[in-house]
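Asks: Here the protein sequences come in this chain order: L and W. So for the first sequence, this note's numbering puts the first residue at 17; every next one is plus one. So for the second sequence, this note's numbering puts the first residue at 4; every next one is plus one.
Quick caveat, the hints were computed from the structure, so don't treat them as lab data. Misleading hints may appear alongside valid ones.
[Unchecked claim] Have a look at the derived ranges for each label pair, beta carbon to beta carbon:
#1 Ala169(W) - Asp160(L): 49 to 55 Å
#2 Arg116(L) - Asn143(W): 27 to 33 Å
#3 Asp160(L) - Leu94(W): 23 to 29 Å
#4 Ile208(L) - Ser14(W): 53 to 59 Å
#5 Asn79(W) - Asp160(L): 38 to 44 Å
[Stated by the list, open to error] Subject to a maximum C-alpha distance of 20 Å in a straight line, what follows is the list of computed DMTMM-like cross-link-like pairs (lysine to aspartate or glutamate):
#6 Lys196(W) - Asp105(L)
#7 Lys212(L) - Glu285(L)
#8 Lys262(W) - Asp182(W)
#9 Lys142(W) - Asp105(L)
#10 Lys196(W) - Glu98(L)
#11 Lys262(W) - Asp105(L)
#12 Lys114(L) - Glu102(W)
#13 Lys212(L) - Glu102(W)
#14 Lys196(W) - Glu129(L)
#15 Lys196(W) - Glu264(L)
Yeah, the Cβ is synthetic: ideal placement off N, Cα and C, and Gly gets one too.
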Amino acid sequence: MTISRRTSKTRLRKVRLYSSENPGGSDLRKVKLYLEKLFPSLDVQILPSIFGSIKKSELQAVAYALASARVKDPDVQEQSHEPLFGEVDYELRTIQGKARVGGVVYEGRRLRELLIGFLSGRRTLSIASVVFTDRLISTFSRDDMRHHLRTIVCGFPSIVSKPGVVEAPAKPREFYILKQQMELEGASEYGIERLKSSFKGRFVDFGDPRLAEVLRGLTLQAIMYHLTLDPFCDDRDCRLFNSHRQEELVRAQITSGELCSRHTNALEELGRKPLLRW
Amino acid sequence: MPIFEKSSESSITRAIISQFAKDMEGFAETDVIVIGGGPSGLMAARDLALKKVKVLIVERNNYLGGGFWIGGFLMNTITVRAPAQKILDELDIKYKMFEKGLYVTPGPLACSKLIAAACEAGVSILNMAQFDDVVLREKNRVAGAVVNWTPVSALPRQITCVDPVALESKLVIDASGHDAMVVKKLEERGLIKTPGFGAMWIEKSEDAVVEHSGFAHPGLVVIGMAVSTTFGLPRMGPTFGSMLLSGRQGAKVAYDYLKKNK
């Protein structure tokens, strides 16, 4: 696939990186530095979690919408269900920072529709928004007719799921086989953690220092989507490769950590003049 | 000289009946009824009782503790991950550090200490009694539990037409494990729809169980593994730390509600 030569008059001027619900560490600062290096003219801002900007009067409605966006049956494309009283209550507590998020999957596109209403620059394409979240997100795949966890859902805004980096791309096949065997033998959670350590380096785990590196690549994918509507590359050694397996993710984002020659050239041009090409 | 004081059979019978009748009269109206006396139920009941809340645990077995007596693979070593060891400290349960952040303790010790802590805090126990139905009030708010003796359900109906009794409370806590008996009863009545266990593979689900511990319906708090069933969260193995923390979280939610609705 070639990168479109067609340019519009709209220039990308700002990138807003919204922190995840439980911010910590310097991941986004590293992402910001990376983007500033690639796009020297861009004003890259790190903002607090988008959920923190919701008005008090809207809290209940947002909590209801979040609870409605839960994926309860991965085999069903459109999740339509009346959320439980307790689910709405839980979401309300997460928005207010009284409960931690985790363990629940949200439909990525519905989450995006919800978030767009809270973006201050939503009416202009000269601002790209990337929302980082500690929630797990999925989208439905027509290939096998089921929902799959995702690291990123590109769009306006793009959503990057931090736990998705760990949970979405499949781990090595042998890991699952050994894990299943261990579970049948009654292994404890601790045993599973030990198993993980024997696969050290082959997948990104929670608390992994390499997460920041992966987030850089995913954010670049989001910016490429904003500029070209084509965020991915077929080259497995390019940071824009859409990894479905952990080993692919590690290869593209960490072992290589670079762009392919085609995207290096494209980024040089886009970096100088970040005009939308669609 | 005999070891024991003299007493007649009739006195012993009178002592049992009169004390139990007095207890039962108290159970008829309490602040909180906890369905299930496993680790999360005991923990929640104990925390509430320490705050002077009148709590009753309804347990269908003659023993309390649920699965807390044994760990994985029928081995009676319980593992607890930080920060749940702080609860072991609180309950004066001795444990050893297996490695950083992971602690082990004998199941019988941990379980018996937790039961004792609940009883000493003032929790009332109705064991060998099974949850049968919910008491509903305005807008289908849960306001108590209907219970019957456990053996009644095991015998043919023709010979055990024993009606249950209703116990009123300000709140009910469903701590009945994966069965989520109270939630399921509401589902039978069409008042709630549970999604079942989450089918998607997710590693980190313990936090979700703790964080979802709270109201599932007006008047009903869910804790422990019943949380998984109610909200369709991924099923977990024996992770006792999260059961204890879930019980604590449920007690907090319940106490805040009681305080607000005095």
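Asks: Would you say the C-beta atoms of alanine 169(W) and aspartate 160(L) sit inside 49 to 55 Å of each other?
Replies: The hinted range 49 to 55 Å holds for alanine 169(W) and aspartate 160(L), with Cβ atoms some 50 Å apart.
Asks: Tell me if the beta carbons of isoleucine 208(L) and serine 14(W) are separated by a distance inside 53 to 59 Å.
Replies: holds (58 Å)
Asks: Mind checking the alpha carbons of lysine 212(L) and glutamate 102(W) for me, to see if they're no more than 20 Å apart?
Replies: Within the cut-off at roughly 16 Å; holds.
Asks: Check the hint pairing lysine 212(L) with glutamate 285(L) against an upper bound of 20 Å on the C-alpha distance.
Replies: Between lysine 212(L) and glutamate 285(L) the Cα gap is close to 42 Å, so the pair fails against 20 Å, i.e. violated.
Asks: Would the hint linking lysine 196(W) and aspartate 105(L) be met if the CA-CA limit is 20 Å?
Replies: holds (16 Å)
Asks: Has the hinted range 23 to 29 Å been met by the Cβ atoms of aspartate 160(L) and leucine 94(W)?
Replies: Roughly 48 Å apart at Cβ, these two residues miss the hinted range, so it is violated.
Asks: Can the restraint linking lysine 262(W) and aspartate 105(L) be considered satisfied, given a maximum Cα separation of 20 Å?
Replies: Measuring from Cα to Cα gives roughly 18 Å; hence the hint holds.
Asks: Tell me if the straight-line CA distance from lysine 196(W) to glutamate 129(L) falls inside 20 Å.
Replies: Given pair lysine 196(W), glutamate 129(L) is violated - Cα atoms ~26 Å apart, limit 20 Å.
Asks: Check whether the Cα positions of lysine 262(W) and aspartate 182(W) lie no farther apart than 20 Å.
Replies: violated (29 Å)
Asks: With 27 to 33 Å as the target window, see if arginine 116(L) and asparagine 143(W) comply at their CB atoms.
Replies: With Cβ atoms ~30 Å apart, the hint holds.
Asks: Is lysine 196(W) within 20 Å of glutamate 264(L), Cα to Cα?
Replies: violated (40 Å)
Asks: Run the distance test for lysine 142(W) versus aspartate 105(L): straight-line Cα separation, threshold 20 Å.
Replies: holds (18 Å)
Consistency with the previously given hints fails for numbers 3, 7, 8, 12, 14, 15, ordered from lowest to highest.
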